[in-house]
Every structure is written in structure tokens, then in C-alpha cells.
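Following the hints, position chain F against chain C.
Number of protein chains: 2
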Amino acid sequence: MRTSAEVVAAYWATAQGRDWVAFGALLADDIVYDLSQTRELIRGRDKYVRFNQEFPGDWALTIIRLVATGAHVATWTSFTVDGTEAPGLCFFDLDSAGRIAHITDFWPERYEPPTWRKHLVERY
Amino acid sequence: MRTSAEVVAAYWATAQGRDWVAFGALLADDIVYDLSQTRELIRGRDKYVRFNQEFPGDWALTIIRLVATGAHVATWTSFTVDGTEAPGLCFFDLDSAGRIAHITDFWPERYEPPTWRKHLVERY
Numbered sequence: 001m002r003t004s005a006e007v008v009a010a011y012w013a014t015a016q017g018r019d020w021v022a023f024g025a026l027l028a029d030d031i032v033y034d035l036s037q038t039r040e041l042i043r044g045r046d047k048y049v050r051f052n053q054e055f056p057g058d059w060a061l062t063i064i065r066l067v068a069t070g071a072h073v074a075t076w077t078s079f080t081v082d083g084t085e086a087p088g089l090c091f092f093d094l095d096s097a098g099r100i101a102h103i104t105d106f107w108p109e110r111y112e113p114p115t116w117r118k119h120l121v122e123r124y
Numbered sequence: 001m002r003t004s005a006e007v008v009a010a011y012w013a014t015a016q017g018r019d020w021v022a023f024g025a026l027l028a029d030d031i032v033y034d035l036s037q038t039r040e041l042i043r044g045r046d047k048y049v050r051f052n053q054e055f056p057g058d059w060a061l062t063i064i065r066l067v068a069t070g071a072h073v074a075t076w077t078s079f080t081v082d083g084t085e086a087p088g089l090c091f092f093d094l095d096s097a098g099r100i101a102h103i104t105d106f107w108p109e110r111y112e113p114p115t116w117r118k119h120l121v122e123r124y
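Top to bottom, those sequences are chains C and F.
The first sequence begins at 1 in my numbering and counts up by one.
The second sequence begins at 1 in my numbering and counts up by one.
In isolation and in its complexed conformation, chain C is listed as follows (with noise of 0.2 Å):
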């Protein structure tokens, strides 16, 4: 059985091709997948592919941190969407078969800084 970090690798580099096929045979038929920044479920692995294949945009990712420690990993990716850099960063839990049952994914947006730090920080 493969682990859940070349499970999770797979997840990527199945989404980056547009493999539909091979990146629905990496879920769980009952994935959960929780974008909680928005309070948004999707249940189920046909209407999670499908998310995945109507997300909207030009977008490639790459792969900037893997980490995986027994069934849980999570990644750091770069979305470039229309030209436009965004990271996501994503937490999995596979389940006894070495599917992905459970995803929660952020997507952090740009913020201004407050001012009581002023004084420890530099921008770039």
C-alpha cells in the first residue's frame, strides 16, 4: 500500500494533469471535504470531483511543503489562477484503505498588518 504522503502526492499531481479518473480512486466514497473558512461541506466523491473539475480559471499548483505523520498530511501549494498567485494549504486524514476520507483546505488572502508590531518587523 502506498503511504499517505505519495497518496497525497498523487492527489496533486492527478489534479495538476486533469486525471479525473485516477484522482476520484484516491477518495474515499464518502470524502468530506470542509472549507471552513466559508462554513462549505461537499460529501461524496462524485460531487467532490466535480468541484474539482468546475473550479473556475486558468490554474496550475506546485507542491511547496509535504508533511505526513501516520494517516494525516498536510501541504502548503502555490495556485497561480489567471496569473495570480494565491497558497492553499490543506489538512488530510486517509482512511484504513489508504483513501483520502477528510480534507480541510484554507485559502489565507492578504491582510494589512496591525501596528503594535511596528517595531519587530520589516516588509517585503
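Take the hints with a grain of salt, since some may be wrong.
Quick list of the computed label-pair ranges, beta carbon to beta carbon [as the list claims (entries may be wrong)]:
#  : chain 1 : residue 1 : chain 2 : residue 2 : range
1  : F       : V21       : C       : V32       : 39 to 45 Å
2  : F       : G88       : C       : G70       : 18 to 24 Å
3  : C       : R39       : F       : P56       : 36 to 42 Å
4  : C       : A97       : F       : A60       : 35 to 41 Å
5  : F       : P56       : C       : E6        : 41 to 47 Å
6  : C       : F55       : F       : D30       : 24 to 30 Å
7  : F       : E112      : C       : T80       : 42 to 48 Å
8  : F       : L41       : C       : Q53       : 24 to 30 Å
9  : F       : E112      : C       : A97       : 33 to 39 Å
10 : C       : T3        : F       : T80       : 31 to 37 Å
11 : F       : E54       : C       : A25       : 48 to 54 Å
12 : C       : Q53       : F       : E6        : 37 to 43 Å
Facing chain F, according to a computed beta carbon distance under 7 Å, are these residues of chain C, among others [as the list claims (entries may be wrong)]:
#  : residue
13 : S4
14 : E6
15 : F91
16 : R110
A short, non-exhaustive set of chain F residues, derived as facing chain C with CB atoms under 8 Å [said to hold, decoys possible]:
#  : residue
17 : R2
18 : S36
19 : T38
20 : I42
21 : R45
22 : K47
23 : V49
24 : P56
25 : D58
26 : V67
27 : V73
28 : A74
29 : W107
30 : P113
I should point out that these hints are in silico values taken from the structure, not numbers from a laboratory.
In this text, a Cβ means the ideal position worked out from N, Cα and C, and glycines have one as well.
Only chain F this time, still in chain C's reference frame:
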């Protein structure tokens, strides 16, 4: 030598315990802390310990996930600041001495969901 997962578990335990001496001992002298959403950097152990000491509000944290591969660690923590909960996501890189040399920290905020995926999601 402690594993990278143990070092980062101690990082969060000493932060929660306000044990700034033990916290600082886990950090490389030239640690770089990157708040990429605001394009802020904090360089060096002294400034970074002060940043944590001066962090405003009455805060407490719990670890939701801590995953590690080699010198790379990712954590998803739940922060409560003055009664409001927010997730914090950190990616750590350790140096060859097992000290934390680089942290990229993300604070994803709530946002309103786009409509294109409305037929696939449920809200909670």
C-alpha cells in the same frame, strides 16, 4: 536529539505556558518568521520572542494537527483570543541542530463563498 515533531510540540507547549526562556531555546539564533499574508518578516530570536510576548489579548491555543517529515513540520492550531476562535497554520523548518530556523505562519479569515459551487455544497 528530539525529533522535529517533539521540538514543535514543545514550541506550542512553552508558548501556551508563557515559558519564554524554554521557548527561545527551541529557536535558531537567526530564525526567520514570515507572515506572508502581510509580507512581514521578523528576524532573530530576540525579536521573535518579543513578538510572542507582546501578542495582544488573552490567548490560548490547542493543537488540532501536528505532522512532520524530516526537518519539516506543519501544525494547525486553534487560537482563542479574547473569546474568539481562529485557526492558525504554521509550516516549520528545523536546522541541523534541531532548532526552528524558519516559520511561515498563516491566519485564514472567514469570507463569503462564491456562487459557482453552490450546487455542490452544504453550509454549516
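Do the hints match the structure? See the list:
1. F:V21 to C:V32: 39 to 45 Å: holds (42 Å)
2. F:G88 to C:G70: 18 to 24 Å: Because 22 Å falls inside the window, the suggested range holds.
3. C:R39 to F:P56: 36 to 42 Å: violated (27 Å)
4. C:A97 to F:A60: 35 to 41 Å: holds (37 Å)
5. F:P56 to C:E6: 41 to 47 Å: At 43 Å between Cβs, range holds.
6. C:F55 to F:D30: 24 to 30 Å: Violated, since F55 of chain C and D30 of chain F (Cβ atoms, about 40 Å apart) do not stay within the stated range.
7. F:E112 to C:T80: 42 to 48 Å: violated (23 Å)
8. F:L41 to C:Q53: 24 to 30 Å: Since the Cβ atoms of L41 of chain F and Q53 of chain C sit about 38 Å apart, the hinted range of 24 to 30 Å is violated.
9. F:E112 to C:A97: 33 to 39 Å: holds (36 Å)
10. C:T3 to F:T80: 31 to 37 Å: At 34 Å between Cβs, range holds.
11. F:E54 to C:A25: 48 to 54 Å: holds (49 Å)
12. C:Q53 to F:E6: 37 to 43 Å: Since Q53 of chain C and E6 of chain F have Cβ atoms about 41 Å apart, the given range 37 to 43 Å holds.
13. S4: violated (9 Å)
14. E6: violated (12 Å)
15. F91: holds (5 Å)
16. R110: holds (5 Å)
17. R2: Nearest chain C Cβ about 15 Å off; hint violated.
18. S36: OK, holds: S36 of chain F within 8 Å of chain C, min 7 Å.
19. T38: Cβ of T38 of chain F sits 4 Å from chain C, so the hint holds.
20. I42: holds (5 Å)
21. R45: Violated, because the Cβ-Cβ distance from R45 of chain F to chain C comes to roughly 12 Å (cut-off 8 Å).
22. K47: holds (5 Å)
23. V49: Hint on V49 of chain F: violated, closest Cβ of chain C at ~10 Å, above 8 Å.
24. P56: Holds: closest Cβ of chain C sits about 6 Å from P56 of chain F, inside 8 Å.
25. D58: violated (15 Å)
26. V67: holds (4 Å)
27. V73: holds (6 Å)
28. A74: holds (4 Å)
29. W107: W107 of chain F check passes; min Cβ-Cβ to chain C is 7 Å, inside 8 Å.
30. P113: holds (4 Å)
Figure legend: structure checked against the earlier numbered hints; hints not met, in rising order: 3, 6, 7, 8, 13, 14, 17, 21, 23 and 25.
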